[in-house]
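The task is simple: from the sequences and hints, build the whole structure.
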Amino acid sequence: QVQLVQSGVEVKKPGASVKVSCKASGYTFTSYSLSWVRQAPGQGLEWMGWISGYSGHTMYPQKFQGRVTMTTHTSTSTAYLEVRSLTSDDTAVYYCARGQTVNPYDGFDMWGQGTMLTVSS
Amino acid sequence: QSVLTQPPSVSAAPGQKVTISCSGSSSNIGNNYVSWFQQLPRTAPKLLMYDNNKRPSGIPGRFSGSKSGTSATLSITGLQTGDEADYYCGTWDSSLSAWVFGGGTKVTVL
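Chains as they are written, first to last, in my numbering: chain A, 1 to 121; chain B, 1 to 110.
Hints are computed from structural coordinates only; laboratory data are not their basis.
For glycine and all other residues, C-beta sits at the position ideal for the given N, C-alpha and C.
Footprint (simulated), chain A over chain B, 3 or more residues, beta carbon under 8 angstroms:
hint, segment
1, 26 to 35
2, 38 to 47
3, 97 to 108
Straight line, CA to CA, 30 angstroms or less: simulated BS3-like cross-link-like pairs of lysine-lysine:
hint, chain 1, residue 1, chain 2, residue 2
4, B, Lys46, A, Lys19
5, B, Lys17, B, Lys67
6, A, Lys63, B, Lys46
7, B, Lys17, B, Lys106
In silico negatives: residues of chain A with every beta carbon more than 12 angstroms from chain B:
hint, residue
8, Glu10
9, Val18
10, Tyr27
11, Arg67
12, Val119
Put into structure tokens, the structure is as follows:
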């Protein structure tokens, strides 16, 4: 069955970087895209960007441009999210979500279990 | 402040019906498909509805979606205690070139 399994809990200090992984299984990785979505404690969902599983092409909203990098490793069907210059505002659960198609605008049909990131001095 | 507007909460007794509204603009809901996601307590979101009114495999017919102009609606009939969750609408915003979500609606079964 389709599964997205994410890496474990992270605790970082302000100013540090974090890299979260999302390993896909049960489908052809290069036939779909992936988005990353985060959720701060008690808050709603926030889209952080999109990456094509086929080409590695990325798209980031303005808020995260320059501070976030999404990559893929097709041989292991794994996607990565790197966030730099962390602040306490980055404390959140980070989810990877499979795109319904190869396009960024077609929504998400499967979500990873989430990775909790705490940023604290 | 979310781009899409949802009521913070709705409630009803078991067996009753609830509707959740999602209001946007021409750059998002007005010209793109809407999805709905269900987030049970302490779990990841799950796709509940896509392309405005299509249910993924395994989602019961008690859940239905609709869209009119720049607003969308999720309806849940025959409400069950297991439906207690947060529900989010989402869609592509063509002006922002980004996915946007509503602030979420908490459904409580009385």
